[in-house]
Amino acid sequence: MVARKNDTPANAVGRASSGKKLLKCFEDHRHVWVFMELEGGNVHPVSIELLGEGRRLADKLGVQLAGVILGSSDGVGTKPAIEEAFAYGADVAYLVESPLLANYRNEPFTKALTDLVTTHKPEILLLGATTLGRDLAGAVATTLQTGLTADCTELDVDGDGSLAATRPTFGGSLLCTIYTLNSRPQMATVRPRVMATPQRADKPIGRIIQHELAMVEEAIVTKVLAFLCNDGSEQSNLANSDIVVGGGLGLGAAGNLQYLRNLATTIGGGVGCSRPLVQKGWMPADRQIGQSGHTIRPKLYIAAGISGAVQHRVGVEGADLIVAINLDPNAPIFDFAHIGVVACALEFLPALTEAFAKRMPPHNSIKGMDRGRLDDQE
Amino acid sequence: MHIVVCIKQVPDSAQIRVHPVTNTIMRQGVPTIINPYDLFALEEALQVRDRYGGEVTVLTMGPPMAEQALRKALTHGADRAVLLTDRHFAGSDTLATSYALSQAVAKIGESYGAPDIVFTGKQTIDGDTAQVGPGIAKRLNLQQLTYVTKIVSIDPTSREIMVERHTESGTQMLKSTLPCLITVLEGVNAIRRGSLDDAFRAARRPVLKWGAADTGIGELTKCGLRGSPTVVKRVFAPGPRAEKAMQMDIIDKTLAEVAADTVAAIFARQPVLERKLTSHDNR
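Residue numbers (the working numbering), protein chains in the order written: chain A, 1 to 378; chain B, 379 to 661.
Quick caveat, the hints were computed from the structure, so don't treat them as lab data.
Any given hint could turn out to be false.
[Unchecked claim] Cβ pair distances, simulated, as ranges:
| no. | chain 1 | residue 1 | chain 2 | residue 2 | range |
| --- | --- | --- | --- | --- | --- |
| 1 | B | G617 | A | F26 | 30 to 36 angstroms |
| 2 | A | A226 | B | K654 | 39 to 45 angstroms |
| 3 | A | R359 | B | S531 | 55 to 61 angstroms |
| 4 | A | L228 | B | E635 | 18 to 24 angstroms |
| 5 | A | D286 | B | T555 | 30 to 36 angstroms |
| 6 | B | T599 | A | N103 | 36 to 42 angstroms |
| 7 | B | D428 | A | F227 | 28 to 34 angstroms |
| 8 | B | R653 | A | N330 | 32 to 38 angstroms |
| 9 | A | K21 | B | R429 | 36 to 42 angstroms |
| 10 | B | D390 | A | K60 | 36 to 42 angstroms |
| 11 | A | F26 | B | D575 | 52 to 58 angstroms |
Bear in mind that the values here come from a model prediction, so they are computed numbers and not experimental data.
Every residue gets a Cβ at the ideal spot worked out from N, C-alpha and C, and that includes glycine.
Here chain A stands alone, though its shape is the one from the complex:
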């Protein structure tokens, strides 16, 4: 473990409390923790992504990475989560097993996680920005009176070992880097698919540290009476599509969205949009791509008539190939696209659809389009 000094003066940042004066009681906080979210017995993909990120931070700090697993030993249990934690780079697994943790409820989960933190003192604690992660992170950070940065798009440690958590600000026009200087742990949440999925290791081994949950069912006020699983078909496939076609205000009118759908149908992609289209009511909220919508990592993303505000950028930056079509050669989207076409999206989309169709076998796309499969795609 690398010893680090906490007396390095922080840079002046123009805020009263900006100097790092870490209290004695926080000086022995070490290690990076990732909360492992379980969903029907499976580890949520965001937790795997966070393990990859956590590993990088832990290596930079010269400390250990731990996965935190809270669950019940009944049924599918916590064993797969422990294996996943080690397989994706954790050195340690903190485990709290109790029937009280079978279904997510704020009270016992907050108790289990805060007790673990108080006992083992992590320096950094990362959670997925899911409904569960956000519910839990807010409660834990308040209980521990520490800083929590939501929906980060980038995490790093700076020269003096502080967590630098970057997230969009000002409604998505800019990014800001946030520090938690004087309290520990430094907490952050990250949305699914913002970070890349790390490689699975060959030799997953590690130390398991188990704790009891100091709580009885009678002390928990809120009860789960029932859980109704979503019908799979209701889920938007946008986040997992290989190809996504997105539209922005440059399309001009709701009626022009058909050009977007035609292209998507032809190449078998999902249809998404930027925030203004949802606000105008042209598309439903579950089609929104960006910081407050879906984060996507497709092989190909075609952005038509989207200017490319940071809000949108952070949602698509993980795409392997970004093709931008915009009439304005100075649109910010050309700063992060791989291929740029300066053209009116309305005119170019049909041409592009046709060009794809020409390269594709006849039975595939165009006929399907004629049969009116457009709406099935949504």
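The hints should help you fit chain B onto chain A, whose structure is shown.
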């Protein structure tokens, strides 16, 4: 039943325009609105009041101009409005905000009866953190029910409440007790316009303005900048990618030619996609 709704005045992001030449955000003259998610919380509170009787108090923390948001909430039908405004609160992060708001909720409880339910929207559209609701719940030791889609029933006698809560994988049916804090998911109800009576009543209603001292906040170190463990160290515009975008040549070419070039460029960079799209059996 006494219900407190926490709302926030935010810039109307739908009205924020990008300057066509400089591509910068134009904030001047952008109107402010009640955070849209909070309107669902307000409506849910009004519906609970309609069903079970009682009063709805709206609370906001912000600069003096946030009074407009409270006035609007009164015209929707809220009974009382409290504006928490003090320079000591400036620069609050979510932890400091939840402290100030929780103290104000406690003070509202002392003055007008302890709240049975505190409502908030699921998050704000400017901060997007969803952290203040849970923060208030923990500080006041209220049961925390987030992302609620439906209040199924409330039994005022046994003080039991049943709600449906949204998660990514399904719907939780929860039974809890009052007092509780509920954050409301968007789209769960239709926001009422408010009657003419409400509008007249709202015009006559005072908006109570409380500073830190009025709220009984002794620990000013927990407020504003000093009470905020998080520090914004740097605000910046993201730089362009290291590799510049390959601009398709559009001079002296028809749209069809440019489109064909574009497809060729896409396939050159993503051979996997080419195989997938151009093979017969792979759709």
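Here is what the structure says about each hint:
Between B:G617 and A:F26 the beta carbons are some 34 angstroms apart, a value that agrees with the proposed interval 30 to 36 angstroms. Checking the proposed 39 to 45 angstroms range against A:A226 and B:K654 shows it holds: the Cβ atoms sit about 42 angstroms from each other. A hinted range of 55 to 61 angstroms holds for the C-beta pair A:R359 and B:S531, which are about 59 angstroms apart. In this structure the hint that A:L228 and B:E635 lie 18 to 24 angstroms apart at CB is violated, the actual value being about 53 angstroms.
A beta carbon spacing of about 33 angstroms between A:D286 and B:T555 agrees with the range 30 to 36 angstroms that was offered as a hint. Taken as a hint, the range 36 to 42 angstroms holds for the pair B:T599 and A:N103, whose Cβ atoms sit roughly 38 angstroms apart. Roughly 29 angstroms separates the CB atoms of B:D428 and A:F227, a value that falls within the hinted 28 to 34 angstroms. Remark: the range hint 32 to 38 angstroms for B:R653 to A:N330 is upheld by a beta-carbon distance near 36 angstroms.
Between A:K21 and B:R429 the beta carbons are some 51 angstroms apart, a value that contradicts the proposed interval 36 to 42 angstroms. Here the CB-CB span from B:D390 to A:K60 is close to 41 angstroms, well matched to the stated 36 to 42 angstroms. Separated by about 55 angstroms at the C-beta atoms, A:F26 and B:D575 satisfy the suggested range of 52 to 58 angstroms.
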